[in-house]
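Chemist: Chain by chain, the residues:
Number of protein chains: 2
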Amino acid sequence: MTRIVLDAVGGDHAPAETIAGVALALQHGYLEPDEIILTGPEAMVRESARAAGLPDVVEICDAPDVLTAADSPTDALRRKRRNSIAVGMGLVKAGRAGGFVSAGSTGTVVAAATVGLRYLDGIRKACIAALIEGENNPFLVLDVGANPQPKPQHLAQFALMGSAYYGCQFGVESPRVGVLNIGSEDKKGSPLVLEARRLMQDMPIAFHGNVEGVEVFSGDCHVVVTDGFSGNVLLKTSEGVAEYLLRTTFQAMGEAGIAPEQIRAVQRAVMPRVDFSETGGALLLGVEGVVTICHGRSRAPAFANALRFARKALQGKVNEHIVKAAQELNLGAPDDEHDERGQPAI
Amino acid sequence: MTRIVLDAVGGDHAPAETIAGVALALQHGYLEPDEIILTGPEAMVRESARAAGLPDVVEICDAPDVLTAADSPTDALRRKRRNSIAVGMGLVKAGRAGGFVSAGSTGTVVAAATVGLRYLDGIRKACIAALIEGENNPFLVLDVGANPQPKPQHLAQFALMGSAYYGCQFGVESPRVGVLNIGSEDKKGSPLVLEARRLMQDMPIAFHGNVEGVEVFSGDCHVVVTDGFSGNVLLKTSEGVAEYLLRTTFQAMGEAGIAPEQIRAVQRAVMPRVDFSETGGALLLGVEGVVTICHGRSRAPAFANALRFARKALQGKVNEHIVKAAQELNLGAPDDEHDERGQPAI
Numbered sequence: 006m007t008r009i010v011l012d013a014v015g016g017d018h019a020p021a022e023t024i025a026g027v028a029l030a031l032q033h034g035y036l037e038p039d040e041i042i043l044t045g046p047e048a049m050v051r052e053s054a055r056a057a058g059l060p061d062v063v064e065i066c067d068a069p070d071v072l073t074a075a076d077s078p079t080d081a082l083r084r085k086r087r088n089s090i091a092v093g094m095g096l097v098k099a100g101r102a103g104g105f106v107s108a109g110s111t112g113t114v115v116a117a118a119t120v121g122l123r124y125l126d127g128i129r130k131a132c133i134a135a136l137i138e139g140e141n142n143p144f145l146v147l148d149v150g151a152n153p154q155p156k157p158q159h160l161a162q163f164a165l166m167g168s169a170y171y172g173c174q175f176g177v178e179s180p181r182v183g184v185l186n187i188g189s190e191d192k193k194g195s196p197l198v199l200e201a202r203r204l205m206q207d208m209p210i211a212f213h214g215n216v217e218g219v220e221v222f223s224g225d226c227h228v229v230v231t232d233g234f235s236g237n238v239l240l241k242t243s244e245g246v247a248e249y250l251l252r253t254t255f256q257a258m259g260e261a262g263i264a265p266e267q268i269r270a271v272q273r274a275v276m277p278r279v280d281f282s283e284t285g286g287a288l289l290l291g292v293e294g295v296v297t298i299c300h301g302r303s304r305a306p307a308f309a310n311a312l313r314f315a316r317k318a319l320q321g322k323v324n325e326h327i328v329k330a331a332q333e334l335n336l337g338a339p340d341d342e343h344d345e346r347g348q349p350a351i
Numbered sequence: 006m007t008r009i010v011l012d013a014v015g016g017d018h019a020p021a022e023t024i025a026g027v028a029l030a031l032q033h034g035y036l037e038p039d040e041i042i043l044t045g046p047e048a049m050v051r052e053s054a055r056a057a058g059l060p061d062v063v064e065i066c067d068a069p070d071v072l073t074a075a076d077s078p079t080d081a082l083r084r085k086r087r088n089s090i091a092v093g094m095g096l097v098k099a100g101r102a103g104g105f106v107s108a109g110s111t112g113t114v115v116a117a118a119t120v121g122l123r124y125l126d127g128i129r130k131a132c133i134a135a136l137i138e139g140e141n142n143p144f145l146v147l148d149v150g151a152n153p154q155p156k157p158q159h160l161a162q163f164a165l166m167g168s169a170y171y172g173c174q175f176g177v178e179s180p181r182v183g184v185l186n187i188g189s190e191d192k193k194g195s196p197l198v199l200e201a202r203r204l205m206q207d208m209p210i211a212f213h214g215n216v217e218g219v220e221v222f223s224g225d226c227h228v229v230v231t232d233g234f235s236g237n238v239l240l241k242t243s244e245g246v247a248e249y250l251l252r253t254t255f256q257a258m259g260e261a262g263i264a265p266e267q268i269r270a271v272q273r274a275v276m277p278r279v280d281f282s283e284t285g286g287a288l289l290l291g292v293e294g295v296v297t298i299c300h301g302r303s304r305a306p307a308f309a310n311a312l313r314f315a316r317k318a319l320q321g322k323v324n325e326h327i328v329k330a331a332q333e334l335n336l337g338a339p340d341d342e343h344d345e346r347g348q349p350a351i
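Sequence lines, in order, name chains Z and G. The opening residue of the first sequence carries number 6 in this note's numbering; numbering runs sequentially from there. The opening residue of the second sequence carries number 6 in this note's numbering; numbering runs sequentially from there.
Possibly wrong hints are sitting among the right ones.
Note that identical chains are pooled: a pair holds if it fits in a single copy or bridges any two copies.
[Claimed, not checked] Okay, derived cross-link-like pairs now, DSS-like style, lysine-lysine, Cα gap no bigger than 27 Å in a straight line: (1) Lys193 x Lys156; (2) Lys329 x Lys98; (3) Lys85 x Lys98; (4) Lys156 x Lys192; (5) Lys85 x Lys193; (6) Lys85 x Lys192; (7) Lys156 x Lys329; (8) Lys329 x Lys317.
Simulated from the structure, these hints should not be mistaken for lab results.
Extracted from the complex, chain Z is given alone in its bound form:
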């Protein structure tokens, strides 16, 4: 099943930019028109789709409840059940699509996915994996926000999922996995990190040890494991620093009398390295289905790339690789939190 649902009304610039993103994805041949399902208030989405010249074969699935920034994930799932995110997740759950892409509230997407979709066999916590362009190679940071306070065994599962995901998507046999820490010494760090390190050392992954913030972008780790709070700080801070520094630098170039066409040449060389829209989205790993979370500020090219990205994850059978890796491993005692959901405890 390679159909992908796109939340047509998620993000700051929806639905105009989501629909334009679909048009762009079709134009580039990332997907066929019958491989896309849009969710959102039907009349509004249909009108946008027509205005953008999308073929009629692009399916629209009505989701009349409109979420606002004031709706918490709980509100969204309890009071507005027929919202574009919940409806989209329902299509994945029902097997009508393999993936779901949204630039809506991250909290709501995570909540809808963990409530609506089963955890993968052997996995007891989902995490958001962001792919970032580094100096030497792209690297994966996980978790970047789903779990602000995970347990050590959750970090170990993130390591396993990150390694399996990176391996199958980039053809790297044993991706180097590091744990984000505040020093290079073995004994350094919080109790969470120390215990997670101990678990990771015994796992069938290429465990590299500690990685410090300063070496994440220029080091040689493919996968950087951390809790959702620190990972979010890493991701957002790097975004903020990059924007600020490049803005300052390009301004200084103008003041130094450098010609506009030379400035543009430098921008063309550097900007793709920091442009989140090049990847398009981050994957929620650990649930059945390929759930892709886009930046709220996404525009058409980002949505097109997110559709391509989700498609690649589906075709690469990321979840099968994760389940296989989890089977090779006993990840520890059952977790109270998820036994009650009737998940197989390994």
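Following the hints, put chain G in place on chain Z, whose structure we already have.
Modeler: Same frame as chain Z, now just chain G:
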């Protein structure tokens, strides 16, 4: 007491660069020669001082035990008691100096300070406060590494200390204080942050609410409060991203055929914004004495600036401002961890 102790043998480039830093500080008139005390193995430090032409009036206090990267803070304090950090802290404790500056192991400096020096009245946890150049104003991030897992009341104390410090050092009457979080919504974040927010809202500070990583560098907060793990990730990641992006950009400028003198002009405009040596150090707030922690990679200009920075904190009576702010406030129930040290519990 405005004398300052410098750990002559701390840092990757000691003692050559520490001593050269003193020479630079004297040359710039940041301090007088009789206001500096150097710690380290006496003969070695004396030889370096002579070679650099330091006046004989610069005092050298013998610290024969040499620390290596393999020594943990515990090793340093138990087995090598006469090391340059412990001896320096002893001079502050004895009232022979008001401040201590070191580029040695951060963990050892923090341990030596919290064991050797009293907490300020009303404070029960020390934290490292890093001053960073932002787009609109310099801002303070604390804690950047002393406490990877603090309690909410500790974060509240960091907020208080950061506000008092920023206020007296930058002449800002009510510095805007934010708490680092992974979303802008009030309900977002870890239990630690949610409870710390609740405490900060009731404090006599200009509390701004959540700050996300993306807005730290370009936003309008003067003080950003967080745990030592996330703060360290913020600090180190921003350093790593800045180095990587500027390296990439300057290389792209060369490839775009921009003249070397124009590249240098841009570097002169941008580099000071990301150069840690401009400030020279981060303050360990919360203990009696001005303890300044320098980057391990510091060279002479960084040490000179760190001495100027410590001097400014001493002259600005930072600790008196913190104690006064703490007196205006009841920071909650006594903390088991420190009652046993006989500290006044407010």
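Chemist: Does each hint fit the structure? Answer for all of them.
Modeler: Checked hints:
In this assembly of identical chains, Lys193 and Lys156 lie within 27 Å of each other by CA distance both inside one copy and across copies; the values are 18 Å within and 19 Å between. In this assembly of identical chains, Lys329 and Lys98 lie within 27 Å of each other by CA distance solely inside one copy; the values are 21 Å within and 59 Å between copies. When the C-alpha separation of Lys85 and Lys98 is checked against a cutoff of 27 Å, the pair qualifies only within one copy, where the shortest distance is 18 Å, while the shortest distance between copies is 62 Å. Within a single copy, Lys156 and Lys192 get their C-alpha atoms as close as 18 Å, and across copies as close as 21 Å, so both meet the 27 Å cut-off.
Only between protomers do Lys85 and Lys193 lie at most 27 Å apart by alpha-carbon distance; the minimum there is 20 Å, versus 46 Å within a single protomer. In this assembly of identical chains, the alpha carbons of Lys85 and Lys192 lie at most 27 Å apart only when taken from different copies (19 Å versus 48 Å within one copy). Taking the shortest alpha-carbon separations for Lys156 and Lys329, only the intra-copy value of 22 Å comes in at or below 27 Å, while the best inter-copy value is 39 Å. Taking identical chains as interchangeable, the C-alpha atoms of Lys329 and Lys317 lie at most 27 Å apart only when both belong to the same chain, with a minimum of 19 Å there against 60 Å between chains.
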